[in-house]
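Asks: Residues in the sequence shown are numbered consecutively from -11, following the working numbering.
Because the hints were derived from the structure by calculation, they are not lab data.
Misleading hints may appear alongside valid ones.
Below, in silico cross-link-like pairs of lysine to any residue (SDA-like), each with a Cα-Cα straight-line distance of 25 angstroms or less [as the list claims (entries may be wrong)]:
no.	residue 1	residue 2
1	-7	192
2	123	-5
3	-7	47
4	123	41
5	123	139
Label pairs and their calculated CB-CB ranges [to be verified]:
no.	residue 1	residue 2	range
6	11	114	30 to 40 angstroms
7	12	97	31 to 41 angstroms
8	152	107	38 to 48 angstroms
9	35	91	27 to 37 angstroms
10	97	164	33 to 43 angstroms
11	-8	32	29 to 39 angstroms
12	32	164	30 to 40 angstroms
13	95	177	21 to 31 angstroms
14	106	156	14 to 24 angstroms
For each residue, glycine too, the CB sits at the ideal point set by N, CA and C.
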Amino acid sequence: MSAAKSPVVVDITMSLDGYVTAPGADLAHGLGVDGQVLHTWVMEGNDADHAVLEESYAQTGAVIQGRRLFDFIDGPNGWNEEMGYGAKPHGETVPPIFVVTHQAPAKTRLGDRFHFVTDGLASAVQQAQEVADGKDVVVMGGGAICGSVLAEGLADTVRLHVAPIVLGGGTPLFRDEAPRVGLELVNAISTPAAQHLTYKVVKD
-11 MSAAKSPVVV DITMSLDGYV TAPGADLAHG LGVDGQVLHT WVMEGNDADH AVLEESYAQT
49 GAVIQGRRLF DFIDGPNGWN EEMGYGAKPH GETVPPIFVV THQAPAKTRL GDRFHFVTDG
109 LASAVQQAQE VADGKDVVVM GGGAICGSVL AEGLADTVRL HVAPIVLGGG TPLFRDEAPR
169 VGLELVNAIS TPAAQHLTYK VVKD
């Protein structure tokens, strides 16, 4: 019997007004100017916040991200060799990361942990599912690719970490032209630093 197909989980932090970065996001400011406040729950959260992180790490079999996010991660102000997936310390199991891009870079600073997919989102999802071994395929950002995975009907679950701040601008998760998507709330965890909301994507 073959293993169950890995679910595709859009997992991202956003402000109360729907932005995944503050204004001014660039290679020097990956979360925008003073946008680190979005991830207070990651860096300074309580035990419940940490449990959300640990469960996500344990369930992740592969990761998908966009090229803009990769360029920040691989840039001079991004991840370093002491960092694994996200904020996990070096030495932890690092899941394979699939980067959706039009063209793979000639070289990367962080070695061979990234795989570049040049033939679209559906291909990235398929490749990630093939290696995830039944665990989650986590779409971690940025906002554009998370929105596209949801809009194209590729997501099974949406996990939002809503920070208690109104940014008033930045990179939106949901764009005006996005199609309607039905969601069913399956879990909610409330902490002072974030509302952790998990939704099942309702499919016809």
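Asks: Does each hint hold? Answer for all of them.
Replies: Verification of the hints:
no. : hint                          : result
1   : -7 / 192                      : holds, 18 angstroms
2   : 123 / -5                      : holds, 7 angstroms
3   : -7 / 47                       : holds, 14 angstroms
4   : 123 / 41                      : holds, 15 angstroms
5   : 123 / 139                     : holds, 22 angstroms
6   : 11 / 114: 30 to 40 angstroms  : holds, 35 angstroms
7   : 12 / 97: 31 to 41 angstroms   : violated, 23 angstroms
8   : 152 / 107: 38 to 48 angstroms : holds, 40 angstroms
9   : 35 / 91: 27 to 37 angstroms   : violated, 43 angstroms
10  : 97 / 164: 33 to 43 angstroms  : holds, 36 angstroms
11  : -8 / 32: 29 to 39 angstroms   : holds, 36 angstroms
12  : 32 / 164: 30 to 40 angstroms  : holds, 33 angstroms
13  : 95 / 177: 21 to 31 angstroms  : violated, 40 angstroms
14  : 106 / 156: 14 to 24 angstroms : violated, 36 angstroms
In terms of the numbered hints stated before, the structure departs from hints 7, 9, 13, 14, listed from lowest to highest.
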